[in-house]
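Chemist: Chain by chain, the residues:
There are 2 protein chains.
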Amino acid sequence: MSKKNEINNNFLEDLSDLISTNSSQKIKELICDLHIADIAEIISEISIDKANYLFQLIDEEKSALVLMELEEEVREHLLSLLSSKEIATEVIENLESDDATDVISELPERQKEEVLSLIEDNDHASDISDLLNYPEDTAGGLMAKELIKVNENWNTLQCLKEMRKQASEVKKVHTIYVVNDNDKLIGSLSLKKLLLTETKVEIKEIVNTDLISVPDREDDESVANIMNKYDLIVIPVVDKNGVLLGRITIDDVMDVVKEEAEKDYQMASGITEDVESSDSVWQLTRARLPWLLIGLFGGLLGANIIGFFDIENNFELAFFIPLIAAMGGNVGVQSAAIVVQGLANDSIKINTIFSKLTKELGVALLNGITCSAIIFGATAVLQYPIGLSITVSLSLLAVIVFAALFGTFVPLTLNKYKIDPALATGPFITTVNDILGLVIYFLIGLAIL
Amino acid sequence: MSKKNEINNNFLEDLSDLISTNSSQKIKELICDLHIADIAEIISEISIDKANYLFQLIDEEKSALVLMELEEEVREHLLSLLSSKEIATEVIENLESDDATDVISELPERQKEEVLSLIEDNDHASDISDLLNYPEDTAGGLMAKELIKVNENWNTLQCLKEMRKQASEVKKVHTIYVVNDNDKLIGSLSLKKLLLTETKVEIKEIVNTDLISVPDREDDESVANIMNKYDLIVIPVVDKNGVLLGRITIDDVMDVVKEEAEKDYQMASGITEDVESSDSVWQLTRARLPWLLIGLFGGLLGANIIGFFDIENNFELAFFIPLIAAMGGNVGVQSAAIVVQGLANDSIKINTIFSKLTKELGVALLNGITCSAIIFGATAVLQYPIGLSITVSLSLLAVIVFAALFGTFVPLTLNKYKIDPALATGPFITTVNDILGLVIYFLIGLAIL
Numbered sequence: 516m517s518k519k520n521e522i523n524n525n526f527l528e529d530l531s532d533l534i535s536t537n538s539s540q541k542i543k544e545l546i547c548d549l550h551i552a553d554i555a556e557i558i559s560e561i562s563i564d565k566a567n568y569l570f571q572l573i574d575e576e577k578s579a580l581v582l583m584e585l586e587e588e589v590r591e592h593l594l595s596l597l598s599s600k601e602i603a604t605e606v607i608e609n610l611e612s613d614d615a616t617d618v619i620s621e622l623p624e625r626q627k628e629e630v631l632s633l634i635e636d637n638d639h640a641s642d643i644s645d646l647l648n649y650p651e652d653t654a655g656g657l658m659a660k661e662l663i664k665v666n667e668n669w670n671t672l673q674c675l676k677e678m679r680k681q682a683s684e685v686k687k688v689h690t691i692y693v694v695n696d697n698d699k700l701i702g703s704l705s706l707k708k709l710l711l712t713e714t715k716v717e718i719k720e721i722v723n724t725d726l727i728s729v730p731d732r733e734d735d736e737s738v739a740n741i742m743n744k745y746d747l748i749v750i751p752v753v754d755k756n757g758v759l760l761g762r763i764t765i766d767d768v769m770d771v772v773k774e775e776a777e778k779d780y781q782m783a784s785g786i787t788e789d790v791e792s793s794d795s796v797w798q799l800t801r802a803r804l805p806w807l808l809i810g811l812f813g814g815l816l817g818a819n820i821i822g823f824f825d826i827e828n829n830f831e832l833a834f835f836i837p838l839i840a841a842m843g844g845n846v847g848v849q850s851a852a853i854v855v856q857g858l859a860n861d862s863i864k865i866n867t868i869f870s871k872l873t874k875e876l877g878v879a880l881l882n883g884i885t886c887s888a889i890i891f892g893a894t895a896v897l898q899y900p901i902g903l904s905i906t907v908s909l910s911l912l913a914v915i916v917f918a919a920l921f922g923t924f925v926p927l928t929l930n931k932y933k934i935d936p937a938l939a940t941g942p943f944i945t946t947v948n949d950i951l952g953l954v955i956y957f958l959i960g961l962a963i964l
Numbered sequence: 516m517s518k519k520n521e522i523n524n525n526f527l528e529d530l531s532d533l534i535s536t537n538s539s540q541k542i543k544e545l546i547c548d549l550h551i552a553d554i555a556e557i558i559s560e561i562s563i564d565k566a567n568y569l570f571q572l573i574d575e576e577k578s579a580l581v582l583m584e585l586e587e588e589v590r591e592h593l594l595s596l597l598s599s600k601e602i603a604t605e606v607i608e609n610l611e612s613d614d615a616t617d618v619i620s621e622l623p624e625r626q627k628e629e630v631l632s633l634i635e636d637n638d639h640a641s642d643i644s645d646l647l648n649y650p651e652d653t654a655g656g657l658m659a660k661e662l663i664k665v666n667e668n669w670n671t672l673q674c675l676k677e678m679r680k681q682a683s684e685v686k687k688v689h690t691i692y693v694v695n696d697n698d699k700l701i702g703s704l705s706l707k708k709l710l711l712t713e714t715k716v717e718i719k720e721i722v723n724t725d726l727i728s729v730p731d732r733e734d735d736e737s738v739a740n741i742m743n744k745y746d747l748i749v750i751p752v753v754d755k756n757g758v759l760l761g762r763i764t765i766d767d768v769m770d771v772v773k774e775e776a777e778k779d780y781q782m783a784s785g786i787t788e789d790v791e792s793s794d795s796v797w798q799l800t801r802a803r804l805p806w807l808l809i810g811l812f813g814g815l816l817g818a819n820i821i822g823f824f825d826i827e828n829n830f831e832l833a834f835f836i837p838l839i840a841a842m843g844g845n846v847g848v849q850s851a852a853i854v855v856q857g858l859a860n861d862s863i864k865i866n867t868i869f870s871k872l873t874k875e876l877g878v879a880l881l882n883g884i885t886c887s888a889i890i891f892g893a894t895a896v897l898q899y900p901i902g903l904s905i906t907v908s909l910s911l912l913a914v915i916v917f918a919a920l921f922g923t924f925v926p927l928t929l930n931k932y933k934i935d936p937a938l939a940t941g942p943f944i945t946t947v948n949d950i951l952g953l954v955i956y957f958l959i960g961l962a963i964l
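Going line by line, the protein sequences match chains Z and F. Each residue of the first sequence is one higher than the last, beginning at 516 in our numbering. Each residue of the second sequence is one higher than the last, beginning at 516 in our numbering.
The hints are simulated quantities; they were obtained by calculation from the structure and are not laboratory data. Some clues are possibly wrong.
Unchecked claim - Here are the simulated distance ranges between beta carbons: (1) F:Val796 x Z:Leu675: 55 to 65 Å; (2) Z:Asn695 x F:Glu544: 26 to 36 Å; (3) Z:Leu872 x F:Leu572: 49 to 59 Å.
Ideal Cβ placement from N, Cα and C applies to all residues, glycine included.
Turn these sequences into a full structure, and let the hints steer you where they fit.
Modeler: Shown next, in the form of structure tokens:
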């Protein structure tokens, strides 16, 4: 039984040496037993020239699947070295319709039609043409056409016979779907029932009609939420008349979930593009600079505010500038994060914005009063002037309450207008709260001191 | 065909009214066709007293499954209203071994043995006893014992017959596992092969030995990474001798992935406990206060530093305190986030800490020089004193570089010592960088001004 292989440094060095010396036979022996995911991992760890060489040595059947495991950029590069004919017959024909569609949609415009026309299997080509019509982030864009489908009027014996026929064209049997004469989805048939039932029973008598499906235009995140909520491994996709079109499997949806979670996390951390630690210095810089520029702008504004409030004659206010700024930022990010996560999990929907704000006000008051009391005590013990102690404590309470409400309100509002609420987290909230915190602090300070 | 139901406010209000008037028959009609996940959603949206009442009205078979869909706290509350006998016969006997084990492990210590001894199905009880020995966050802690297992020496006809027997005890057939006479896992049998092969062929001739398994002691995050990498829907679990023990399905692993992503996101946002926007004000406050206290402490330290550096006679340095503090925090969080995400995806392993730091230095220098140049230009245009412009620009460059290296180094080091690297993100990095940024800023300022 083949185990997952550890692709370690030693292995990669050995392989690099073999590539340098063109030892194709030895390389083939080394990689022939590897899982496609492992081969893909190797390809993304070595230089692009070596990757090209290695890719040529993989069996045709495996190489199409390896391609699907690679990052889009690497895949595009490797495909650009193949002719349209090779892409059609060696890659596309070895892929299921969803992956095949992804590959074709990534090709340069002028090449798409050409590759489509070169596919020898007509059914496969027309499936792909259909799928190309769906936006990538819909159920239709995620689904594959390959599935096992039986008619409700067949008996179990007929059913097994037909399934045998269909199974030869499907890589993996997930669920057996039952349709009526108009191809409308009626339900599913469990393998268990099929195995346990007499051969002459009609399918309609053992069909399980308790089946959840999604329309082809459903948003991909919503498909992920539905599959997750109902613990589904595969979900059928239907058109507006209920006709069975295809199915989506959990692995495709797991990618959606992961990407969504990563996107939110990156936004909260002030990273604007989807980058990984292995990306180039230039890509990483570009992904991070935009939020830094916002912070920079906020800092300049802050300097103006401090200048405006005559810091020269109220210099002791300077002591607690970092505290007020930091606390506003921290509270704002916390509040926004809880809203963003609630929206992502679909758990915020019954409560209105108003009730969320009321609750957040409660949390903010509790946290604010606690923090204010502590800071009042601490500054008194540390013998700061009493006026300053009062100013800092009051400002802190005001800033915490304000930042919390603002941190809740902004993502909820963005979401209402169909803008990604995660935009509101991270540096945006921090910067805005920095500025507003300073204004509150100095206004209270000037009033008291 | 049942569709996913929209559990909206109207529905909940109608239901609440029915509960208030004890209209049990009408409630039963309303919920009898609902999916268990929908019933669970309703239960978590209504008050706990109403939830109790509603829970009593659900069919026994369904109620056990509904329990598994609920948050741990709600489940514990509902279970506390049942006798040990009821838990054993109505709940445990209707659950697969993995869920049953979760329920029992959540019971109060003294009740565990009692419930175990009251389970009527001996095989089920001994499966659960086995599973209770595994830590929750291991492959053994995630697996279920129910599976379809055939011997390599059987022929396909025998195989179908045996499968029929086993299938009656297994809720859902995922994969057919092939073992030898010693119960050692040999491989899997695809349904497709079984359907397409003559009835007298021996299983060992059509078994697929290319099967990935995990040892029972494997860490749960690692199981999730393996299933994700190899696109697996179910993975078999073996002991150290390769004996088949159970299987883990993707839905359990998806929960691990989601929880992990949420935990990282919450840590980055300064939230210490796993909370949701629907939790109580008190829970939300408790989850957020710890990081605020750290920020508070940092702010006090900052006040001391500013006092120490004689701000009275260098009051213009106060202008850019917010800028320096904010930029240090932002850069630190960005750097830490990229490392944390890389570690979570298992993509950081070949590169050493040193090469990561070198790359981060490159990114930081690029960003730092850009930001410094901009701030130098801006402060010149805004006619700040030239000495202050130079101080701010130089400090900013130093702070950005330092914060980036620190933000990279800390999570990598935590990870090395098996501490969750996400701890290093969010308020921790922000606070430390605030303080160190201030020190750098004032040191440079005093040297130049």
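Chemist: Decide, hint by hint, whether the structure agrees.
Modeler: The hints, checked one at a time:
About 59 Å separates the C-beta atoms of valine 796 of chain F and leucine 675 of chain Z, a value consistent with the hinted range of 55 to 65 Å. For the pair asparagine 695 of chain Z and glutamate 544 of chain F, the supplied restraint of 26 to 36 Å holds, since their beta-carbon distance comes to about 28 Å. Between leucine 872 of chain Z and leucine 572 of chain F the C-beta distance comes to about 35 Å, which lies outside the given range of 49 to 59 Å.
Comparing the model with each numbered hint stated earlier shows that hint 3 is the single one that does not hold.
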